[in-house]
Structures are given as structure tokens and as C-alpha cells.
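Numbering of the sequence shown is given in this note's numbering, commencing with residue 10 and proceeding in unit increments.
None of these hints come from the bench; they were simulated from the model. Hints should not be assumed to be uniformly reliable.
[As the list claims (entries may be wrong)] Quick list of the computed label-pair ranges, beta carbon to beta carbon: (1) N210 x K297: 22 to 32 angstroms; (2) S204 x H64: 32 to 42 angstroms; (3) A63 x L274: 45 to 55 angstroms; (4) V111 x G234: 39 to 49 angstroms; (5) G337 x C265: 47 to 57 angstroms; (6) Q188 x Q48: 53 to 63 angstroms; (7) S362 x Q277: 50 to 60 angstroms; (8) S129 x Q239: 36 to 46 angstroms.
[Unchecked claim] Straight line, CA to CA, 27 angstroms or less: simulated DSSO-like cross-link-like pairs of lysine-lysine: (9) K39 x K66; (10) K68 x K39; (11) K39 x K249; (12) K39 x K92.
Ideal placement from N, C-alpha and C gives every residue a C-beta, glycine not left out.
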Amino acid sequence: MTTDPRVLGLDIGGANIKLASDDGSYVQTKPFPMWTRHQELATVVEGMIGEYVAHCKSKHAYAVIDAIAVTMTGELADCFSSKQSGVIAICTAVQTAAGNRVPIYFYGTDGSWRTATQASQNWHTLAASNWHAMANLCGQLVPDNTHLLIDIGSTSTDIIPLVNGEVATDSLDDLTRLQSGQLVYCGVERTPICSLVSEFNLDNTHTPVARELFATTLDVFLLSGDVAEQPHNTSTADGKPATRQDAQRRMARMICQCPELLTDLELQQLVQQSRQAVFDLLTVAMQKVLAELNSQPDSIIAVGQATFLITELAGDIPVTHLSDLWPGINQQVSRVGPALAVAALLQQELATSP
10 MTTDPRVLGL DIGGANIKLA SDDGSYVQTK PFPMWTRHQE LATVVEGMIG EYVAHCKSKH
70 AYAVIDAIAV TMTGELADCF SSKQSGVIAI CTAVQTAAGN RVPIYFYGTD GSWRTATQAS
130 QNWHTLAASN WHAMANLCGQ LVPDNTHLLI DIGSTSTDII PLVNGEVATD SLDDLTRLQS
190 GQLVYCGVER TPICSLVSEF NLDNTHTPVA RELFATTLDV FLLSGDVAEQ PHNTSTADGK
250 PATRQDAQRR MARMICQCPE LLTDLELQQL VQQSRQAVFD LLTVAMQKVL AELNSQPDSI
310 IAVGQATFLI TELAGDIPVT HLSDLWPGIN QQVSRVGPAL AVAALLQQEL ATSP
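Using the sequences and the hints, build the whole thing.
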């Protein structure tokens, strides 16, 4: 192995696939609904690697890839009969995508690396490992004192304590992380509104919600102005674009109303109360983690898609962004943090190996 190996990192989720170079100069993300397209995984991953190679060539650079580092959460998708079968399927797909051209290593929640052939016996450590990789890297970047890493994504939120550079938790799988408050299955895009709110207060009238997948948190944050419109994004409740006009229509359905009959005040109340429900849910989880920590953290490290919400959650605790800890990296890297993390961690491992 050369003294300066080049590594690509992959974070394979249930709704998105993310790729990053180990220096954070290149990032890429693609929507990928695992539950309907899992048989296409190898093809899509191969295409993403190909896009990286093409990017390097466009910059007149030689695309050296010494290894690929992989972390995942997509094994929970209900197209798989179990998490074990999901882990094995994902490992097999990545191996197929890369062929025999480059070695592939899979990250585990014990901080170790495995090959695809070791996946079946070690699936429990490979499953849902991306949060640990992100925390591990952040622990290296802030090796002193106590910090709280908060990563709010499209589907879920991680709240992870770091103490003197170490990932300070015994909760390593999804279940125990849910129980400890360190995993909150709520994000800023895919979470159904009916899972967060039972009723709205519209002009002092209690109004039960339609318990149907009519709208998601993406609609709330579009209409609150926290996120920009995404006309090409149709990963919404009704498959229509992620625009404010379409979001208004989706939110109106939450109270079985026609969008043209929904008043501006009613829409504002729907959005504000839904946004508050997300904030309250994350606040309760954060307070639970802080109570176990027994000390106020020196800072909150904000990564993911909703740093605007993390700033509100932090209150008077200082907030540090990933780009503050790693100057010069691509500004979009916070959205693909775990992909960068596994790439950087494996690069370190290979650089120091004999």
C-alpha cells in the first residue's frame, strides 16, 4: 500500500446513496428507494463510481481508487426478509459494482473493518453502522472535552455523546439506540406528518388529522422556508415535485381539505404546529441523552441536512459545523458525512498499515 492511499466512501441508506472522497473534495448523493429498487443497487453504485472517475478526468486528474469503504443503514428496508439478509445483499451488490478492481471494506459499529465474505457472520456489527463512523471521525477532530454530535437527515436523527475523543455509548444497535434517545426515527424529509401530530388546533378548534401518508416533514420545511424548493425532487408523499405549491396541496389533505379552500392562517397553523412537533420530539431525545451524560457539553457538532434546526435545539450551547473542524472540505459534505467518515477512517487505516 502506498503512503497516501485514495479511498472512496459509500453510505448506503434506505432512501439515498451517498459517496465521498477521503479528502472531502468530492461528494455525490442519489435518491435510491431501496424498498422498490434494491435489485438495481449494484448498477447504481457502479454508475456513481463511474461519475467520480469521469469527474477526475474532467479535472485532468488521474482517478486513483485504492479502496472503497462502505457503511450502511439500508438493510432495514422492508424488501429484505431480515437485517442479516439486507446486509449480505448490500455487501454483495457493492462487490459486484466494484468487480475485482479494488478492495472493499465494510465498517462495523465496533470500529473494525470486514470484507464482503465476512458479512454473513458479522452482519450485526455492519448493520446501521453509519452513525458510529461519523461519531468516530468527529471524535478524532475534537479529541478533548465533551461534545454532542447531532446529525439530522431525511429519515432519522442521531444524537451521540463524545467524551475525550471517544464514542461514549454502549447503545450500538437500532433498538438500544432508540431506547436511549440516541436514535430518533424522525427526519426533515420522509417522516409522515400523521406520525407526529394527532390533531391540529385550527382557530381554537381541535382538528384530527387524516392518518394517511398525505404529507411529510419535507412539506413542512418547504412551507416554513427552511429548505429551498426542489422542482426535480419527486420523492414526496404524492410523487409530485417538492415545491411550495405542491406542498400546500399535500398539507391540505392532512385535514381532508381542498387546497384552494385552505386559508393562509390555517396553512400557517398546520406548518407551525407540525414543525413544533418535530422540534419537541428531538428536544425530548436530546434532553434524555444529556441526562445520561451528566454534564453540559462543550459544544454541539452539527452535521446532516438540517443544521438550521440543530442551532435551535442547541440553545446556549455553542454549535460547531463539520466544515469548521475540517477547513477546505466541500461545503456539501455535511449532507454526506458518514460517507466521508468511512473514507477518511479507512484512508488512515491503510496509510498506517505495513
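Hints versus structure:
At roughly 27 angstroms, the beta carbons of N210 and K297 sit within the given window of 22 to 32 angstroms. For the hinted restraint 32 to 42 angstroms between S204 and H64, the CB-CB distance of approximately 38 angstroms keeps it satisfied. Separation of A63 from L274 is about 50 angstroms and conforms to the stated range, judged on CB atoms against 45 to 55 angstroms. Checked against the hint of 39 to 49 angstroms, the pair V111 and G234 passes, with Cβ atoms roughly 43 angstroms apart.
Evaluation of the 47 to 57 angstroms hint for G337 and C265 yields a pass: the beta carbon distance comes to about 51 angstroms. Judged by the Cβ atoms, the range 53 to 63 angstroms given for Q188 and Q48 is violated: they are separated by roughly 34 angstroms. Our hint of 50 to 60 angstroms for S362 and Q277 holds, since their Cβ atoms are close to 57 angstroms apart. At roughly 38 angstroms, the beta-carbon separation of S129 and Q239 lies within the given 36 to 46 angstroms, and the hint holds.
Annotation: proposed proximity of K39 to K66 holds, straight-line Cα distance about 21 angstroms (limit 27 angstroms). Distance check on the hinted pair: K68 and K39 sit about 22 angstroms apart at the alpha-carbon level, within 27 angstroms; holds. Simply put, K39 and K249 have alpha-carbon atoms about 18 angstroms apart, close enough for the 27 angstroms limit, and the pair holds. Taking the CA atoms of K39 and K92, the gap is about 22 angstroms. The hint holds against a cut of 27 angstroms.
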